[in-house]
Every structure is written in structure tokens, then in C-alpha cells.
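Visitor: The opening residue of the sequence shown carries number 18 in this note's numbering; numbering runs sequentially from there.
Hint data in this document are derived by calculation from the structure and do not stem from the laboratory.
Where hints are given, some of them may not hold.
List of simulated lysine-lysine pairs, DSBU-like, C-alpha gap at most 35 Å [what the hints assert, rightly or not]:
1) Lys284 - Lys64
2) Lys187 - Lys219
3) Lys281 - Lys243
4) Lys115 - Lys187
5) Lys187 - Lys64
6) Lys64 - Lys115
7) Lys243 - Lys115
8) Lys95 - Lys64
9) Lys95 - Lys115
10) Lys64 - Lys219
11) Lys95 - Lys284
DEER-style ranges, computed between Cβ atoms [to be verified]:
12) Ala171 - Glu122: 46 to 52 Å
13) Lys64 - Val292: 34 to 40 Å
14) Thr296 - Glu119: 44 to 50 Å
No experiment lies behind these values; they were computed from the predicted model shown.
Glycine included, each C-beta is placed from N, C-alpha and C at the ideal position.
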Amino acid sequence: MTCLLRTDSDGVPLFEGLLRPTIEALRELGGSAGNEELLDAVIRREKIPEPAQAIPHKDGRISRLSYRLSWAKTYLGKAGLLVNSARGVWALTDAGEKVTDEALERVPALVRAERNQPATPRTNGRLGAKEPEAEPPDWRETLLQTVQTITPDAFERLSQRLLREAGFVKVEVTGKTGDGGIDGQGVLRINLVTFQVAFQCKRYQGSVGASVVRDFRGAMVGRADKGLIITTGTFTQAAKDEAIRPGAPAIDLIDGELLCQLLKDLKLGVVTRMVEEVTVDGGWFTAL
Numbered sequence: 018m019t020c021l022l023r024t025d026s027d028g029v030p031l032f033e034g035l036l037r038p039t040i041e042a043l044r045e046l047g048g049s050a051g052n053e054e055l056l057d058a059v060i061r062r063e064k065i066p067e068p069a070q071a072i073p074h075k076d077g078r079i080s081r082l083s084y085r086l087s088w089a090k091t092y093l094g095k096a097g098l099l100v101n102s103a104r105g106v107w108a109l110t111d112a113g114e115k116v117t118d119e120a121l122e123r124v125p126a127l128v129r130a131e132r133n134q135p136a137t138p139r140t141n142g143r144l145g146a147k148e149p150e151a152e153p154p155d156w157r158e159t160l161l162q163t164v165q166t167i168t169p170d171a172f173e174r175l176s177q178r179l180l181r182e183a184g185f186v187k188v189e190v191t192g193k194t195g196d197g198g199i200d201g202q203g204v205l206r207i208n209l210v211t212f213q214v215a216f217q218c219k220r221y222q223g224s225v226g227a228s229v230v231r232d233f234r235g236a237m238v239g240r241a242d243k244g245l246i247i248t249t250g251t252f253t254q255a256a257k258d259e260a261i262r263p264g265a266p267a268i269d270l271i272d273g274e275l276l277c278q279l280l281k282d283l284k285l286g287v288v289t290r291m292v293e294e295v296t297v298d299g300g301w302f303t304a305l
């Protein structure tokens with residue numbers, strides 16, 4: 018059954034309206050999908066226009082659409098319709114495979130009741146537009162806010178350091194005006210094979226569109242084997258499609274979400290501390 022998604026004034030679907038598309042997209046994908054794959058499937062299935070995909074949520078790390086889809090997945094998980102693995106793969110449960118539209122409409126109220134949140138108001142018998150209470154800012158938001166305060170030159174140096182730590186060699190920042198958007202180049206060695214890689218750094222909020230990917234590819238032709246675009250924002254679906262267009266040199270994309278994870282994994286400006294938890298076993302002492 019197809020019905021029109023309710024949206025906000027910017028054309029971005031409301032989070033409650035994404036519950037059914039999420040379930041149906043997972044069914045079409047064989048019952049499971051990663052975050053990126055699921056987002057792409059929902060966009061294609063619901064024909065969400067590119068301008069609506071590009072609107073950022075707060076710090077620009079993710080789009081407003083991705084943020085609302087995350088809440089939809091969370092609510093479906095709380096309702097026992099989805100499970101999420103440690104690797105970020107979402108999968109339908111038996112209940113999720115069989116859930117009806119009527120049952121999906123009851124999910125927000127059921128989950129809010131468990132969380133002691135006010136019920137969502139209804140308008141003309143349909144779900145209202147209220148979103149879940151916002152979670153406290155996490156380390157990713159803090160990290161991107163910090164990166165946004167550094168100068169463009171510093172962001173290029175950060176990208177250079179990131180690539181070096183990831184295994185690139187001969188990483189140089191050029192950043193020449195009129196260089197077609199190429200900010201630097203490096204060499205990636207995989208076993209006995211090496212690739213010349215050109216990269217572009219875009220430190221801003223919002224989404225990178227397909228035209229940026231096309232222009233960058235045109236600039237790197239004859240100068241590099243592969244391309245890499247790093248941004249603190251997001252990429253539209255059209256940009257992602259353009260990056261892997263058949264017959265054209267592939268371009269890898271690193272958005273704000275992935276950038277945060279890479280900086281964390283490589284311990285670049287992000288410190289992870291393990292908390293030791295000590296518990297006293299009273300039963301052990303009474304058994305003496």
C-alpha cells in the first residue's frame with residue numbers, strides 16, 4: 018500500500034511517517050540492511066527529492082532526514098520489530114516481518130508510554146508531527162562543532178594527517194585556486210599495487226550535491242587514479258549515485274558521521290577512556 022508521506026515545511030518526512038517505509042524497505046532488502054543502505058532504500062522507495070535530503074540537522078553531521086530515520090529505527094527497535102547488531106546492521110524480527118499498518122500506528126504511543134513521554138497529538142485521526150525528545154549532544158556533535166571552528170587550512174592539514182594515519186604516503190596539500198577543487202594528493206599502497214588519489218576537503222554544514230562530485234572528477238582525470246571527498250556535512254543521494262556512476266572513475270565519500278568515526282578509531286583529537294566497574298560479592302564473604 019502506498020500513501021503520501023507527511024512532511025514538514027521543508028519537505029522532509031516526519032519521523033512517525035518513516036516507520037512504515039523503514040519496515041517495507043527492509044522487507045525489500047531481504048530483511049536486513051546497514052544504516053546507509055537503508056537510508057538509500059527509503060529515499061528511492063518514497064521518492065524523497067534531493068532538496069529535502071540535503072537539509073542538515075543541527076550540527077550538519079547528519080541530514081534531518083537521517084536524524085528522523087534514526088528515531089524511526091529506534092522506536093521500531095523498542096517495539097520489538099527490529100534488532101540492531103554491534104556492527105550497525107538493522108534486521109527485522111519475526112514480529113517486524115508480520116507487522117500491520119494498524120500496529121505500526123500504535124508504535125509511537127506505546128514507546129512513549131514506556132519512556133513516560135507525552136502522547137503524540139492526533140489531527141483528523143492521523144498521527145501528529147511531534148518528534149521524540151532530543152537526546153543530549155554526543156561526542157560526535159562536540160567533535161564536529163570543534164572541527165567547524167578551525168580554519169580551512171587547518172582542516173586540510175587534519176585531512177592530510179587522517180590519510181597518513183590511514184596508510185597513505187606522500188600526502189601533499191596543494192589547495193591551489195582554480196585547481197578544480199583538488200586540495201591535495203596522496204599515494205595509497207595495497208600490497209604490490211599503488212594508486213594515486215586526489216582529495217577534496219569541504220568543511221561546512223549542509224549536503225554536498227552531485228555537481229560537486231562531477232566537477233571534482235573532471236579535475237582529477239589524468240592526474241589521479243581515484244578520488245576522495247571529505248566533508249563535515251553529508252552527501253545527497255544524487256551525489257552518492259554520481260560517485261559510483263558506471264563507466265566513470267569511482268570517488269569515495271567521507272561524510273561527517275564517518276569522519277567522526279575515523280578520527281575516533283585513529284585517536285586523532287578523540288580520547289576514549291574505559292571505566293572500571295568494581296562490584297563486591299557479599300555472598301563470597303558469607304560463605305567463608
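Visitor: Against each hint, give a clear statement of whether it holds in the structure.
Guide: Now the hints, each set against the structure:
Between Lys284 and Lys64 the alpha-carbon distance is near 39 Å, which puts this suggested pair outside the 35 Å criterion. Pair hint Lys187 plus Lys219 holds up; C-alpha atoms about 21 Å apart against a cutoff of 35 Å. Distance restraint check for Lys281 and Lys243: the Cα-Cα separation of roughly 25 Å lies within the 35 Å cut-off, and the hinted pair is therefore satisfied. Of the supplied pair hints, the one linking Lys115 and Lys187 is violated, its CA atoms being roughly 54 Å apart against a limit of 35 Å.
Restraint check: the Cα-Cα separation between Lys187 and Lys64 comes to about 43 Å, which exceeds 35 Å; the hinted pair is violated. Distance check on the hinted pair: Lys64 and Lys115 sit about 24 Å apart at the alpha-carbon level, within 35 Å; holds. Among the hinted pairs, Lys243 with Lys115 is inconsistent with the structure: their alpha-carbon atoms are about 44 Å apart, more than 35 Å. Annotation: proposed proximity of Lys95 to Lys64 holds, straight-line Cα distance about 27 Å (limit 35 Å).
A hinted pair counts as satisfied when its Cα atoms are at most 35 Å apart, and Lys95 with Lys115 qualifies at roughly 16 Å. Restraint check: the Cα-Cα separation between Lys64 and Lys219 comes to about 27 Å, which is no more than 35 Å; the hinted pair holds. For the proposed pair Lys95 and Lys284, the alpha carbon gap of about 32 Å is at most 35 Å, so the pair holds. The given range of 46 to 52 Å is respected by Ala171 and Glu122, whose C-beta atoms sit roughly 49 Å from each other.
Distance hint check for Lys64 and Val292: the Cβ-Cβ separation is about 46 Å, which falls outside the suggested range of 34 to 40 Å. Range check, Thr296 to Glu119: about 45 Å between beta-carbon atoms, so the 44 to 50 Å window is met.
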